[in-house]
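Listed below are the residues making up each chain.
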Amino acid sequence: MSEPMKTLLAPDRNPSLEKYLARGGYASYQELFKKSPKEVVDMVSTSGLRGRGGAGFPTGRKWSFIPEKSQRPKYVVCNADEGEPGTFKDREILEGNPHLLIEGMVACGYAIGSNQGYIYIRGEFYAGYLRCVEAVKEARAKGYLGQSINGKFAFDIIVHRGAGAYICGEETALLDSLEGERGQPRLKPPFPAVEGLFRGPTVVNNVETFASVPLLLINGLDWYKSFGSPNNYGPKLFAISGNVTKPGVYELPMGISFKDFIYKTAGGLPKGRTLKAVIPGGSSTSLLLPKQIDIPLDYDSIAKAGSSLGSAAIIVIDDSNCMVMTAKILTEFYHHESCGKCTPCREGLSWIEQIYHRLESGQGKASDIPLLLDLCDQIVGNTFCPLADGAVPIIHDTIIHFRSEYEAHIAGKCCEQKH
Amino acid sequence: MADIAKVRLTIDGISTEAEKGVLLVEAARRIGIKIPVFCSHSKLLPLGACRICLVEIEKAPKLVTACTTPVGEGMVVFTRSARVVKARQGIVEFLLANHPLDCPICDQGGECELQDVCFEFGRGKSRFEDIKRNFDNKYGRIKLSPVLSWVNNRCIHCERCTRVCHQVVGEDHIGMLNRGDKAMISTFQFTQMTCELCGNCAEVCPTGTITNGTVKYKDRVWNLTPNPSVCLLCSSSCATRVWTDLKGKVTRVTAPKDEQDCCDFLCAKGRFSFDADQGEQRLREGTKITSEVAETFQQSESLQPTVQAFKALAKDSGSTAVIYNSRIANEEAYLVGRIARTVLKTPHVVPLENHEGLTSYLDRFSGRQSTSKDILSADLILLVDAPLARETPMIGYFVTRAVRQKGAALYTVGPEKTRHSSMGLAHHWNAPGASKDFVLSLIEALQSRKSDASAEFNKIVDAVQGSRQMVIIAGSRPLAEGPAFIRAIESLSSKVANSKVLMVPEGGNTLGAMLMAGSGMRVPGWGSNVSQNGCSVQEDVLGAIEKGSIKNVLLIGEDLQEGLINWPRWKTAFAKLANLVVFDAFRSELTSLATLAVPVRSFHEFEGSVLSALGEWKIARGSIPGAVGQSMSRLLLKLESELGGAEQSFASVTSEVKKLYQWHVSRATEAVEDKKSADSAGKDKSTGGNPGKDGVFLLIGNDLYHSGAMTLRGAHLGQFLNRSLLMNSADAEKMKISNDARVQLKIGSDKVSVAVRTTDDIMSGCCFLALNSLSPDERRWFGGIGKPLTAVIISGGAA
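Listed in order, the protein sequences are those of chains A and B. Residues in the first sequence are numbered from 1 upward in steps of one, following the working numbering. Residues in the second sequence are numbered from 1 upward in steps of one, following the working numbering.
If a hint is listed, it holds; no wrong ones were tucked in.
30 Å max Cα-Cα, derived DSSO-like pairs, lysine-lysine:
id, chain 1, residue 1, chain 2, residue 2
1, A, LYS188, B, LYS373
2, B, LYS257, B, LYS500
3, B, LYS62, A, LYS188
4, B, LYS59, A, LYS188
5, A, LYS6, A, LYS38
6, B, LYS182, A, LYS188
7, A, LYS365, B, LYS132
8, A, LYS19, A, LYS34
9, B, LYS125, A, LYS365
10, B, LYS751, B, LYS736
11, B, LYS345, B, LYS658
12, A, LYS188, B, LYS20
13, A, LYS69, B, LYS20
14, A, LYS188, B, LYS43
15, A, LYS264, A, LYS6
Take a look, some chain A residues computed to stay more than 12 Å from chain B by CB distance:
id, residue
16, LYS35
17, PRO37
18, GLU39
19, PRO67
20, PRO73
21, GLY113
22, PHE153
23, ASP156
24, GLU251
25, LEU252
26, ILE399
27, HIS401
What follows is a set of in silico ranges between Cβ atoms, one per label pair, in the way DEER data are often shown:
id, chain 1, residue 1, chain 2, residue 2, range
28, A, GLU68, B, ASP136, 49 to 57 Å
29, B, LEU101, A, LYS69, 55 to 63 Å
30, A, LYS69, B, GLU444, 34 to 42 Å
31, A, ARG273, B, ASP136, 46 to 54 Å
32, B, LEU376, A, PHE191, 25 to 33 Å
33, A, HIS357, B, THR191, 34 to 42 Å
34, B, THR759, A, GLY146, 37 to 45 Å
35, A, GLN363, B, LEU376, 52 to 60 Å
Hints were generated in silico from the structure; no laboratory data involved. We put the beta carbon where it would ideally sit given N, CA and C, even for glycine.
Just chain A, with the same shape it has in the complex (with noise of 0.2 Å):
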């Protein structure tokens, strides 16, 4: 028996059973099974774990709302439709290491009393699909999902490929998707927990969520505990992108300090150049500023600091950007993504776009300045769905900060002079 396992990424990203099996997976088994399902969710509960998605909204409180007895059958939804530019840790977990996803779905499904897990897969992943199908083939065959899983419980996954909608990331659009409707978000209530994917109960959590829950239950409370704080415990995986000289995806325990993981762990900025912001949690989280970031790597801090860890996915940007430009491309995705189901977001995003394109190209008014940060406050909180909430921080906070950089776009002079 090897070493227990204890890290979310494989070291050496080999996705087969044979490998995993050596690096101690699916030892998660023994202690689940040990368990009653109402045991195994106070354990989340007890171990503070939050979301990765993005929300952070503590998994144990999310699984508890499933309700014990349901007349329609109830399901467990991976999320793996990550598509937020700067976010990419999910794809290590799926591409490297996919099992362990398997073993987190399988302690959901125990724990909230499901058979049928599916893993919604974003469309572009075509590799991590190949290996998350292989993954489930290889576990179906050796017992590990399937009609009896050690010989009590039974649990299949479906994999199921999207087709390149970032909308589908939210997780009732998600749904839609996967009953074959059109990926648009649902009304809430009823929430997924009720009436979710073909109306039955279900849980829908992030990729790193499911992958975590092996690791609790191998290591248990006091070894997750160990990492963090108080609200903000656990290993973590974190992606950071931009101008570092080592971008990539790091598993490091939450709370470390965001100036070190910059500086230190991702090699720094390029040589000669200065911060000038950072984005911590995908580009849908408000900026940060140099002097902002001398706080500790976590929810709490960052959602002090005005801003939120979200995915995080962190991108720095240093002098050699143009602020406008950084709004503009962004602004591009979001309008590019957006579902067309609300007003706001349909309409909102491709005005707004469009005052992009005439800054850029030198046709820009004085006025439009004051015409963005107004048409981000009619768009932000009016919509249906936060993808435009999400869309807002980036026009907002750079038009408040780099305010004089917008002034010299619209007076002609663009941005050469920082390349």
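Assemble chain B onto chain A, guided by the hints.
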């Protein structure tokens, strides 16, 4: 009904009360506070997409949509706060950003919800100076339907049309294509539409995106006047608004937008057929044949010739037959029945629609049949050989809503899979003419299961046993199986608690006309000295004319020739008559044969009340300015007094008609009380043939968009006629007949040449042919809807 818990809340400082579950937008409307809406619609499930109805709730961090938020105890709501006003102005600005400024040429202008809301809640000016979205560049001007006009640039993406298509029409024909600001309403791969409820997407569209294409660019809505009327093209008999222009000409027909359950939608026949009575074939002048010379007269002068003709009819009592069809109002039928009994003193008062079971159904179910509310609250609906899409689309509408919006379970039975089979849980194949056998087997299976039953049949048995509230709907074919079917279905209904029955007869005001004219039933106070043993169906009359015992015929209704089965035989018979008096709205060979032809008002010009198949009482005001002549009831009243009867006002006829209906209802209720002791379900099985043995069963019905010949007269629906033989794919393969191949149908000694369309939606051994697609000469063999008919298919038409 249990009391529904109420909650107290405050809206804009006004304290109010509403039942739990009521949405804020509705609670506000009740106390006179208008919250603007686009995506919200009273007959559709909430969506919350357009965001125009955002309101502020005390202590809630964000604004919420009033169209999706139910009332809550102690809620304090603001609909005019600064935050709300700003948010609304923002939404209006967004909606208008890409909306073209083409109001001057848009047909919706004047009744456009977008215009109204922008005017009332908008900022008055826009800051949008960029390039507007234009779908036309990419997709050209695709014509999605010949009767709808489609301008995607005007769309505000409220999705009312797509939701209507899914939840109300049940067709899923239109949907959203692409995403974000490129999202557009379209059909899949731009196929053309085929919905029987076509046009409701235009009805609910708050903008000019989808409009009625038949009236495009023809008028402005502020020049139009709505006249309340009733559509008589099928027995759903829907209330309509018939819009007339400044000259009194009918320009369009819409559904009345009242807050009643029945009244937000119309089917394609009701909506687009309004041009049918405007053409050359309309009978505008009367003709009277005197000594072989035809004299014409205006409708206003029709009283004197008519009085003379009726005097001639009354001379020879007992030798006159009065035939009416179901496109007449209750008052008209009542007067026809009374004049026949008291003036003409004849027992022969015969409906043109041949329904063997109808008298029996009326005797037992008048006033007790399922209503629209029963369908909407049912948890199980069983359709027994009821092709509702063809026969009564708006009853199909209630079924679709019950299934798609309220989650009712639906099962279909019969030789055809219909639109509703596709949304049902199972379809049980059942041979034509054997609906009674199905009902009897179901009754047996409820007591003890049969081992040899099909899986679908067992599913139906389970569903009936588990139902809390069941509605059984049968179409016109089972009705033609006669009283035995009615007894069987009554027996089934009595064995299932909380179950209701609905039969859907052919025709228009079929139930009302039959009850009021008193065919086959005694009506109190009418000529007690007249025998009750008159002819009951049209074949009897035809036989009696040929034998010479009937010498005069009075035909009253609309489009009468179409209803006379075997026209060539009738034509010969009519030549023997002394007098043939016809009241019709259309010119036909029949009116040219008549000794007196009187023009009357058409199906949407008429005046009077109508009893729908769902038991609803609908009123047509007869207020269309350009209508041809006067109302038939008033003409009949004058005629009656001229012939020696007492003078009576139209209003008093109306109240007598209502009383007579109540009398029928109480009689039906008494019949139920009497019957509780004796269960009279006929145990004798039908003599359903063996399909496929000596040819195929030929099912005959209306084409999807047609009702008799009437709708064919208009240009709008005339273009949709489908003359093809629907044939089971497996049968066709066996006979080596390919799709689209021409074949000859041999029916008795007659032959009809048609093209074949193969389908899996029809039972092996059966074929379907639309009666409307055949000329009178081509359908001599036709014996009435539901009459068993065998045909031999001759491949290649070579024979």
